[in-house]
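Participant: Listed below, chain by chain, are the residues.
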Amino acid sequence: MSLKQIQQKIRQIINNPQLSYRQRMHYLAAQAESLLEPPPISDSLQIAIEQQVICDMHEGPAPHRPRYLLPDYPKAIKQGSDYLELDPPNNLVEALNFLMILYTQTPSITGYPVYLGDLDKVLAPFVDEVSDAQLNLQLRLFWQMIDRVLPDAFVHTNLGPEDTRIGRAIFQLERELNQTVPNITLKVDPQITPNSFLEEAVKTVFVVAKPHFVNHPMMCADLGEQYGVVSCYNSLKAGGGSHTLVRLNLKEAVKQHQGNSSSFINETLEKYVRLTLELMEARIRYLVEDSCFFEHNFLAQEGLVSLDRFSAMFGIYGLAEAVKLLMEAQGSLAKYGHDAEANQLSYQITDRIAALVKEIPLPYCEGNDGFAFLHSQSGIDLDLDVTAGTRIPIGEEPELYEHIFAVAPHHHKFSSGVSDIFHFDDTVKRNPQAVVDVIKGGLAQGMRDFTFNLASNDFIRITGYLVRKSDVVRLEKESSRYNSTVLGAGSEKNQGVTKRNLKRVMSHEQTPRLG
Amino acid sequence: MSKPLGLVNRILPFSAVDGPGNRFVIFLQGCNFNCVNCHNPQTIGVCDVCGICVEECPGEALQIKASGTEIEWNKSRCLRCDNCIKVCPSDSNPHSQWLDVDFVLEKIRRSASFLSGVTVSGGEATQQPEFLRELFHSIKTDSALNHLSTMIDTNGSAEISIWKSLLPFTDGAMVDLKAFDNQIHQKLTGNSNSQVLQSIQHLQKAERLFEVRLLIIPDLNDHDLMLQQTANWLCQLSNNIRIKLIGFRNHGVRPEYSDFLEATPERLDEIRELFQGFGIQEIKVI
Ligand code: SF4
Ligand code: SF4
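Sequence lines, in order, name chains A and B.
The numbering of the first sequence is the working numbering, which starts it at 1 and goes up by one.
The numbering of the second sequence is the working numbering, which starts it at 1 and goes up by one.
Treat the hints with caution; some may be incorrect.
Anything over 10 angstroms on all C-beta distances counts as not near chain A; from chain B, calculated [what the hints assert, rightly or not]:
1) Val36
2) Pro41
3) Asp48
4) Lys75
Each computed DSS-like pair below joins lysine-lysine, with the alpha-carbon atoms no more than 25 angstroms apart [said to hold, decoys possible]:
5) A:Lys440 / B:Lys140
6) A:Lys335 / B:Lys244
7) B:Lys205 / B:Lys244
8) B:Lys86 / B:Lys75
9) A:Lys429 / B:Lys244
10) A:Lys203 / B:Lys284
11) A:Lys440 / A:Lys121
12) A:Lys203 / B:Lys244
13) A:Lys440 / A:Lys413
14) B:Lys107 / A:Lys335
15) A:Lys255 / A:Lys271
16) A:Lys251 / A:Lys271
17) B:Lys284 / A:Lys429
18) A:Lys121 / A:Lys75
19) A:Lys335 / A:Lys429
20) A:Lys440 / B:Lys107
21) B:Lys205 / B:Lys284
Derived from the structure by calculation, the hints contain no laboratory data.
For glycine and all other residues, C-beta sits at the position ideal for the given N, C-alpha and C.
Chain B with its partners taken away, still in its complex shape (with noise of 0.2 angstroms):
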């Protein structure tokens, strides 16, 4: 049987931002949230070969494969105008390239005696939940590679089914909580929070709970009633929780949502003091 390919959107071998220690971060490409506060909305959709990129690039570094299939980037044609990101309809991008198992590995073996570990983020890692656990495995069956930790970067979506298919082989998961309210976390989201909760529990009870993030945008889901429960059931969880405290920023999000206020480094703060006073003891804030 052929390996399963992944849609990456890129390959960062050095990154200190995703998980413990220096990390080779994939970002796949195609996500089923829709956030507000998305800062790569280009990786948020599938590429449908509509071909409107192509005519729009002026470097003349885009055409559609003849399989019809997929979308051909000459990178050494290409202007880095991201012209072609601009006008896509389905904030998709046309760099995502089909790659496979193996390639991905022989880059992380190149890299491997400087890392901690591996990252799948995204996009959404778990959408390509085949590609996700062959990385997975073979990194953890290859005695040059298993000294590395396997992290997931996730929206908590995945049905349990899939968790219990990814853990054999994954050391943790940090997983984003946009808002413990059902009906913030649909607006800002798109989409209902059951799942990550039912995510967050299974992870936790796993043992593969690395961190649960938690977005604040101010007046959207910063409520103290609800940063309230929000504890409250994450210290029922586990008393030794690790939190991280991201406060919104505007750059990089869709236009429509660039006038949302940041979040201040006092009301930050005010939220770490908030976890805090329910005995949570790990909280780093961004």
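Just chain A, same shape as in the assembly (with noise of 0.2 angstroms):
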């Protein structure tokens, strides 16, 4: 790029009328990083980059910070922080404000915390003592500082699987508020999970289209007990978190392909699979050798993330087209999500995938015993063409069951998440239990993550983050003060994602770079 261009690009973002101060902020820094060399790859890696069959999610050629990052929350309450000059806390105020505190201090790739921590246990020694007029006023104030200070819809809390106060006051707060920010997973354990808890829920979701429900003993099967939901359905420990998300795009490799089925799975799709693993490593080790995160943040200094418990996140997205292209080339019409020789196909590809990235280690990544974490990519709103992770395109989704038997096989293969959107008619609104029951019925057919939206709400998941319609159509004047916003309307108009629904926060997830 020459000097031109370049000052070309950063006025393009100073001078961008829909993006608030921070934002611009956000992008000039990804705009400088930008200028600097990647870590070197291979010219078969290169040349697959541009054909844009491997993403680096456009994190920056220089990763200084891992991109998801899950600090011990109930750790650093117990402790405080020597960094951050605070004791323990030892009440509800000071909890809140010691987390405040944290949360403005835990790097990201979005700049903004992905996870807040599972909120109704790390608040859980403070509760007891406070009436819930207190309660209610204190999370309240909290709720607001949040959506205000962190607003990228990215943010993500999670509560369950115990019926607690504190979840029910946070999913009643979250009724009368409508804020996009945070965003919420609800852990579910049908054996402890009660269906008065879950029914709070569901009627949440018909309000502000949040929480997300994922399969609680699937999870912990996994991951073990300290895990946590965060960003995007992306599941990781506690303590620890992903040092980089690197995508495959099924289609494209399909795209490059010459041959059937059976010699993509055993040969095209190895060879992919091996280039994304080399940009995976070269990525992790810019980090932690050569950013030396590890060694001078204060949240590993402190032991509130240990690189052990770390991992990296090995993407997939476009299933659904590379089955379409292949049964093509079998002259064959059927289709995912509709015809059974389609579905065993996507199972065969999904089944490599997983065989491949457990047999292939990476360095740093004890978090998964030296492998890479697999997950089902749910997009980015410079996609084009292309459905994310393993979801079924928008608009051809076939009967609620026959869904769920379609993508379920897909899900316990997805340990660092999977995502498929469901959509209900306003009926059930006056009966959530019938809700609860499909959620049971999904995580009992084997489903990790499960998230359901009503066709009427005016808060809308573009692929996993919320945005407000309303906020959308006000971003078309002004600029949003919400970040994942900017990505939404992106979506909008590059995935028609408004057939399904809509928004005003940012996600930097989603909109890494501008058009």
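Got two chains here, each in a separate frame; can you build the complex from them with the hints?
Facilitator: Below you can see the structure in the form of structure tokens.
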């Protein structure tokens, strides 16, 4: 890039009326980083990146903080922080203050913390002694603070699987405040989570399109009890995180392939999985060995994250199109989500990827025994004509149960998260138990993640994060306070997601760079 | 002995409006009432194989079966134009099919992990009591299905002996009461309400009355005096009876009834208060 081009790019950011001051700062920093040389890679990897088979999510050429960091908040609360010059909090007010300070100092790819902790557990030591009125007031102020100070739709908290007073208070508050931030995941264990609490959660989805539901026993089996769901359906170890996320576009991989589906699975796929891992390794080494994040950052120094709980995320997307192209090459019109033959091929593809990812070790990934975590990546707003992760294309979804039967067999393979979004009509509003039934049925079928929304909601899930329809409309004219709104507006145009629904916050994760 | 067949109008594997939780709903064809508010009049009649729809079908999707007792519907040729339903002189339709219990059970089995239960609706479910009994009996004696609750959505016209044969396998019934006053009931449904009232009583005693659904059509059956009598009768049956007030909507009803007034939300609210005044707690308004 010539100096003139660089200057032009910078001016586009600085003079963009749709960006707030902080958003401009974020993109300026990314612009500066983009001028650096990326870590060296092989020629075949370079070609695969240029052919858009492999995508580094525009993370930037010089990773200097892990993509996702999940601080061990219960530990922080117990020990306080030397770096932040804070003693361990003694009561709810102090705890909320402590957490808010810690959040602002937690880095991530988006510039905002992607994980706020399992707040029902983190705050448990402090809630017994406060009245309902006090609890509600304190939480309300805290919630407003989070939404206004951390306006990114990927800021995420977790609740459950236990039914708690604080969990119920948060759902109640969510329904009253109508905020985009924070995003919420409810951990569900059918043995532990009572129906009445699930109904509270479902009623909250009716209003604000969150929480998202996860299969707690399955998560615990893969990640251990200490895990968090962060950002956009990313499940990772708490006290650890993910160095990077690199994704493989299966649609483009098939386009580069000559031959039938079995040679794709046996040869082409292996080649691209290896190249994806090569890019991940280069980025991980830069982060750990060159940027020395784990030596310098206070979160690592104070033991709030530890390198041995980290791994990296191997994302895939465009499975639906890959299956379609491979079937067409065999003269078949069978489609993923509709035909057993196509579904079988989709399972063979993800089986093969999962096996390869478990065979090829990566450095600094002790958090997953030295291997990458597999992730079904839910898309960024620059994606065109390609379906997120392992989803069935928007508008082609089959009837509800058939949809679940088709996608569920993929879920157990994606320990760092997979997303499928279901849509219900308004009749369920009078009968939240009906949705609880479907969620439990989905988990019983082996789903790891379950997200639903109402067709009529003001909140719309773009790929995993929320936007308010009213904010997208507003964005056309002025700057949105939320990072993810900009992103959502892009998704709207590129993927027709309002066929599903709509937003006001930004998501740096989803809009890693401007057009 | 072969298992009874049911004449099934439609199957819905997911419904949030036919009882508690998510339900698998089977709509049976054929009803003995002829209600002015019927939103699915094509479920009322049972086909007499007159063949008119076969002639009028633009997709040539219909033909009389060789047996002469049924219409065969070729789904892949069907244009979903509903012309057959329009021309049918018997308030029936050729899309309904005779299904055996095992076929329906298979479908339920596939959906079972997502369900609170199964509801049989209509038409009038109790017009096919053998099918209903066999279906519910099979559900309750199948270890993969017996967690499902079995409910009947009914006009309440079945004789007590039919209820007695069904209740051992039935968890609850949702009964329509179109009017407490018999003359008005006659006018709205073409039938007397005495059996309906007896059914409600019997179901309540047997602890199988899930809810009573009261239709509200302005000026026809919403007079305060009758509503007070209704409330009085219901709360004497039980002090924790559950009722649902259903405001008349003219969408989908037959043309001759489409100029009836729709119930306003304000009027429904007044009626809810009237019932609350009698100590009835559980009232849903839709
Ligand atoms: S809807 Fe009825 S009339 Fe129309 S094509 Fe189908 S069967 Fe024939
Ligand atoms: S469905 Fe109606 S029109 Fe068709 S054959 Fe039967 S009774 Fe006649």
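Participant: Could you run down the list of hints and mark each one as holding or not?
Facilitator: Verification of the hints:
1. Val36: holds (24 angstroms)
2. Pro41: holds (22 angstroms)
3. Asp48: holds (33 angstroms)
4. Lys75: holds (15 angstroms)
5. A:Lys440 / B:Lys140: holds (21 angstroms)
6. A:Lys335 / B:Lys244: The hint is violated at about 44 angstroms.
7. B:Lys205 / B:Lys244: holds (19 angstroms)
8. B:Lys86 / B:Lys75: Given pair Lys86 of chain B, Lys75 of chain B holds - Cα atoms ~18 angstroms apart, limit 25 angstroms.
9. A:Lys429 / B:Lys244: holds (16 angstroms)
10. A:Lys203 / B:Lys284: Answer holds: Lys203 of chain A to Lys284 of chain B is near 17 angstroms, not above 25 angstroms.
11. A:Lys440 / A:Lys121: holds (23 angstroms)
12. A:Lys203 / B:Lys244: Holds: Lys203 of chain A and Lys244 of chain B sit about 21 angstroms apart, inside 25 angstroms.
13. A:Lys440 / A:Lys413: Holds - the C-alpha atoms of Lys413 of chain A and Lys440 of chain A are around 19 angstroms apart, at most 25 angstroms.
14. B:Lys107 / A:Lys335: holds (23 angstroms)
15. A:Lys255 / A:Lys271: holds (14 angstroms)
16. A:Lys251 / A:Lys271: holds (15 angstroms)
17. B:Lys284 / A:Lys429: holds (13 angstroms)
18. A:Lys121 / A:Lys75: holds (11 angstroms)
19. A:Lys335 / A:Lys429: violated (32 angstroms)
20. A:Lys440 / B:Lys107: holds (19 angstroms)
21. B:Lys205 / B:Lys284: Measuring from Cα to Cα gives roughly 22 angstroms; hence the hint holds.
When the structure is compared with the earlier hints, violations turn up for hints 6 and 19 and for no others.
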